[in-house]
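Residue numbers (UniProt numbering), protein chains in the order written: chain X, 1 to 330; chain H, 1 to 344; chain G, 1 to 331.
The set of hints was computed from the structure by calculation and includes no laboratory data.
Small disclaimer: the values here were computed from a predicted structure and weren't measured.
Be aware that one or more of the hints could be misleading.
Under the rule of at most 25 Å between Cα atoms (straight-line distance), these lysine-lysine pairs were calculated in the PhoX-like manner [as the list claims (entries may be wrong)]:
#: 1; chain 1: H; residue 1: 151; chain 2: G; residue 2: 283
#: 2; chain 1: H; residue 1: 257; chain 2: H; residue 2: 297
#: 3; chain 1: H; residue 1: 113; chain 2: H; residue 2: 151
#: 4; chain 1: H; residue 1: 297; chain 2: G; residue 2: 208
#: 5; chain 1: H; residue 1: 113; chain 2: H; residue 2: 16
#: 6; chain 1: G; residue 1: 150; chain 2: X; residue 2: 227
According to the in silico footprint, chain G covers these stretches of chain X (three or more CB under 8 Å from chain G) [unchecked claim]:
#: 7; segment: 57-69
#: 8; segment: 309-323
Glycine is no exception: its CB is placed at the ideal position from the N, C-alpha and C atoms.
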Amino acid sequence: MAAQVDSISLLNDYPKEESPWRLVFRRFRKHKLAMISLGVMLVLFLITLFARQIAPFEVDEITVGNYFLKPGSVQEATGRVHLLGTDNLGRDLFSRLIYAGRISLTVALLSVVISSIIGVTIGAISGYYGGWVDNLLMRIVEFFLTIPSLPILLIISAMLLKNQDAIPIPQFLLELAGKLMLLEVREARQAVLIILVLAGLGWLTSAQLMRGMVLSLRNQTFVEAAKAMGAGGAWIILRHMIPNAMAPIIVDASLNMANYVVAEAALSFLGFGIQEPIPTWGNMLSATQAYMLDMPWLPLIPGLPIFLCSLAFNYIGDGLRDALDPRLKL
Amino acid sequence: MKIQNEQPVLTVRNLKTHFFTEDGVVKAVDGVDFDLYPGEILGLVGESGCGKSVTSLSILRLVGVPGKIVDGEIWFEGKNLLSLTENEMVAMRGNRMSMIFQQPQTSLNPVYKIGDQVAEVFTIHKNLPKKEAWDKAVELLHLVGIPDAEKKAHAFPHEMSGGQAQRVMIAMALALNPTLLIADEPTTALDVTIQAQIMDLILELREKMGTSVILITHDLGVIAEMADRVAVMYAGQIVEQATVQELFARPHHPYTKGLMGSIPVLGKVTRRLEVIPGSVPNLINLPQGCRFSPRCKARIEQSLEICLHENPMLVETGSNHLCRCWLYDGQMKSAGDLMEANHE
Amino acid sequence: MNEPLKTHTARMELIQVRNLKKYYTIRGGFFQRIKSCGKAVDNVSFDIFDGETLGLVGESGCGKTTIGRTMLRLIEPTGGEVYYEGNNIFNLSGGALQAIRRNMQIIFQDPFSSLDPRMPVGESIMEGMRINRIGTRKEQFDMMIDVLRKVGLEDYHARRYPHEFSGGQRQRIGIARALALRPRFIICDEPVSALDVSIQSQVLNILKDLQEEYGLTYLFIAHNLSVVEHISDRVAVMYLGKIVELAHRAELFYNPLHPYTQALLSAIPIPDPAVKRKRITLKGDVPSLFNPPKGCRFHPRCPFAKDQCLVEAPPYREVQKGHFAACWLNE
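Chain X on its own, in the form it takes in the complex (with noise of 0.2 Å):
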């Protein structure tokens, strides 16, 4: 017989061996410009969470008579400086921009989480039970996916807001989305119907991601192997399929959030997201349009943070997948 083990302890005398997930960060350190878009997202992300720190000026601070001033201008009275310059109303555009991407991140960010969540559970269940189950989600899934996907986030989202109480939602959620976003509850309800429109078309395509990956896995013998030890099926998706099927996820994820900044930012664009006077990137740029012509430098200051975004989260989404792909040594 073996000697009897004293305690799980004994085992820390070794040095911890490196995980998957580690060597997985060591093959993405490789991906250079996914480095250096994972540094600027990482910069973005500190900007805005210290929004209230670093922004010079209230949101919709107003300096009377200091319109359209040009970036970089003193005001005489105070001697402070407006970075970005004014707008029409005489607001400080680098401290909105910054308010914005608060705003516009989180919408993101958030979109991201519960269409990530709603699609990997309806794709585990669908893939993993088969049958009829199978069968109804994936046809509901087709079927939207069916509807072009621009004008069908635009009506919903503007017949929403139109009626922002036809979706009740839980005063306690609208207060956190309130503190995360830096807006009163009032003004939440509509960061929170933009985001729940956005998650509500985009968890189709993560389900069918997820049923593919669970179809591809159900035939791994270490499932059947859980099967024969007496596993039965929440315990399979959970313990096996979930982790093994992270990896495209997280690049999907990835991916997908480029796509939201985007979207949020094309719905305030054409009018249908969120509102002025709360700032996000979208209605910013959309507020430029009129004075384009005379001053060609305003649409530039809130569409760079969104290209930046969109090409940072793809570069970073291309890191992860080459560096999670199977066929290099895991």
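Knowing the structure of chain X, use the given hints to seat chains H and G on it.
Leaving out everything else, chains H and G in the frame of chain X:
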């Protein structure tokens, strides 16, 4: 038995094929020498990663990136293959030398009829008109024992069983009566009864056409039934080479002995099988000295120091018997002395 | 020690398989009608005695793997019964099924896909105990270390991930995982066919040692007759979904009654050039399961086929004591 005073058809000298990977240089083939005589079947035997397949790919110069033949000579029909241009090599492959693989079904193109694929060999190398090439293909399919060859020539690869697909591969390989056939695990993917058919076919065609064969396999049973001579490979080198009777009657190298003891033999039931401890070494980070030394029971039992410091040479240890082991190296003593002298 | 001839009459049947059937159907057309039906396992019955190893050999597609999977209900059967200690496991569900499943484990062929790549192997080994809620966390851990040592691995391996192991080591982990539930019966599904020769013998020896130590019962499924002969007490030979012969190892190898067994035995290459045998080479390929020959399924390839064989399938019966066969030559 082979008469070995003939000129060899293939001479491999100091062949080194290395793979340049991110993790380091993989010495897949690291100094391999052998001769192949006319009409002979030379068995290359070893476990996965021993370099037997890379050796054969090197002979055909089919080693792809990141692999590279870094040293050596391969003499075939009076030419050093490693000094030929790629175009000259293309003319050589499938014509003077050809190869069959382990997975016959994946080696055939799924969208062409098998008759067309066999006929292609004639249109490419001999410029035969289509009709004539097709007739020749059917004739060949008949030769390799495909029943109802005229009809089967119209079949697509997925309509064939593994055994039949391997027959088609053999037909293509032998179409132009090559001097050299390399068979890389030709029966491993097949069932036992089909394996027996393919083994018989290769032996029969060798008799008929006088082709020299390099037979690569991990199965000592297949070697014993088919090969005339055997080279045992371990970690990129040949460790023992002898005629098949000699090798099985008097294996020298501890690795060869270990392999033979570790396989169950039909009709000879033993209580326990012999075990070679450990596993095949990492080809990037090879052990110092003899590459087998960390797993070698003989070294441990006789506590041989030299094995850990110096890799032995492949030396003649009997008639037509070569072995790479200090136990059989006549110079061991003097080499041992040398080591001591160095220590002083 | 392994006594040469175990008389099984005095021993208890741990597993009884009766008329096991597994049919696969191909559906096609607009209404998904059944187009053809393949009998992967067709009315197979056999017993496995407590503490023995029953070898199950056959060529690819003969249904041997399906039998193993069906016996554990990893695949649902089309018909028949499988009794574990007298309980028909096809009639059980829920807790009763789970309780019996603990006792019946399986070791898989492919050492690479049989371990979850995202789980440290220690977790994989403990998983069965977690699912079945056996013991405290500490007891589970101790058991895991115990079985890890049993299969010749080190404690620290528990923390590593599957990609850090060689094929042979992974197969040991697979064995440890099966062993951790302290089963009485293990199905070994081609456990060594993906391994190198020198590693095969390590794994075979471990399986033999564990059987002795724990009194395990094995169903050893393989295509390699030499390996099966080495490890089994009795051997069953399958052809196209049916068992054609079953006998004690020595009996089967020295006195094969079915022409297929005879051909199979003679087709195995013997690693000794001094042995010269007359090989019975079978003509043709194994027919498709979806279109099996009428009468005896082996008759198109059988060198001894008679008229009767073309018409009627031979009965599978005990021809000599403990020696079952299905062939008209023995009738």
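Verification of the supplied hints:
no. : hint            : verdict
1   : H:151 <-> G:283 : holds (19 Å)
2   : H:257 <-> H:297 : holds (11 Å)
3   : H:113 <-> H:151 : holds (11 Å)
4   : H:297 <-> G:208 : holds (22 Å)
5   : H:113 <-> H:16  : violated (39 Å)
6   : G:150 <-> X:227 : holds (24 Å)
7   : 57-69           : violated (count 0)
8   : 309-323         : violated (count 0)
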